[in-house]
Amino acid sequence: MRALVKIISIFCLSMLVLACNSYKVESTSSKEEPVVIANDSLEYEIIIIDDGFNGFLNSIAKPPGFHNQVYMEQKNRNYVITWNYRARNPLRFDNLIYQNEIDYDPHIDYGYDVNYKLFNYFQFAQRKYRMSLLEGYSNQVIR
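Count the sequence shown with mature numbering (1 follows the signal peptide of the UniProt record, and there is no 0) and you get residues -19 to -1, 1 to 124, in order.
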């Protein structure tokens, strides 16, 4: 589990660097708060710092309860497979987006909240980076 925390933390930090380098930062007085996904009983924590995700989660994402946990787990498994394939192929895919692999074990019950936020992060990333994670390994965001 601690490996999951480390990988996700690195992933989040890399997304922060990407966000800072890819988009013009507007001068605003409010700073977006990171989204924290935690499950004390499994001893892990994920912090998503990607600029705009908090706003997406609060205004665009379907509300909790819209999708059931099984649906989101199935989607997350597929998203993670594609994401990790792209992360392993930095010469073919944009390594500023796919900097790290995601350690998501389909045999672990992460609970509704974790799956909800991870599912919505993938929805957000697909919109922000104009990519598709369900159309196969070779789709979009190629160098």
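It is worth saying that the hints were derived from the structure and are not from the lab. Predicted model only: the values in this text are computed from it and were never measured. All residues carry an ideal CB built from backbone N, CA and C; glycine is no exception. Treat the hints with caution; some may be incorrect.
[Said to hold, decoys possible] So the derived label-pair ranges between C-beta atoms look like this: (1) Q55 - A19: 18 to 24 Å; (2) E82 - Q50: 32 to 38 Å; (3) N76 - N39: 14 to 20 Å; (4) R73 - A19: 31 to 37 Å; (5) L72 - P44: 36 to 42 Å; (6) D94 - S40: 17 to 23 Å; (7) S22 - R108: 16 to 22 Å; (8) D90 - R111: 29 to 35 Å; (9) E116 - E13: 25 to 31 Å; (10) Q50 - L72: 34 to 40 Å; (11) P71 - P44: 21 to 27 Å; (12) S22 - N70: 30 to 36 Å.
[Stated by the list, open to error] The list that follows gives simulated cross-link-like pairs (lysine-lysine, DSS-like), each with its CA atoms no further than 27 Å apart: (13) K109 - K43; (14) K56 - K109; (15) K56 - K43.
Structure-based check of all given hints:
| no. | hint | verdict |
| --- | --- | --- |
| 1 | Q55 - A19: 18 to 24 Å | holds, 23 Å |
| 2 | E82 - Q50: 32 to 38 Å | violated, 23 Å |
| 3 | N76 - N39: 14 to 20 Å | violated, 30 Å |
| 4 | R73 - A19: 31 to 37 Å | holds, 34 Å |
| 5 | L72 - P44: 36 to 42 Å | holds, 40 Å |
| 6 | D94 - S40: 17 to 23 Å | holds, 18 Å |
| 7 | S22 - R108: 16 to 22 Å | violated, 32 Å |
| 8 | D90 - R111: 29 to 35 Å | holds, 33 Å |
| 9 | E116 - E13: 25 to 31 Å | holds, 29 Å |
| 10 | Q50 - L72: 34 to 40 Å | holds, 36 Å |
| 11 | P71 - P44: 21 to 27 Å | violated, 36 Å |
| 12 | S22 - N70: 30 to 36 Å | holds, 35 Å |
| 13 | K109 - K43 | holds, 17 Å |
| 14 | K56 - K109 | holds, 18 Å |
| 15 | K56 - K43 | holds, 15 Å |
Checked against the numbered hints above, the structure breaks hints 2, 3, 7 and 11 and satisfies the rest.
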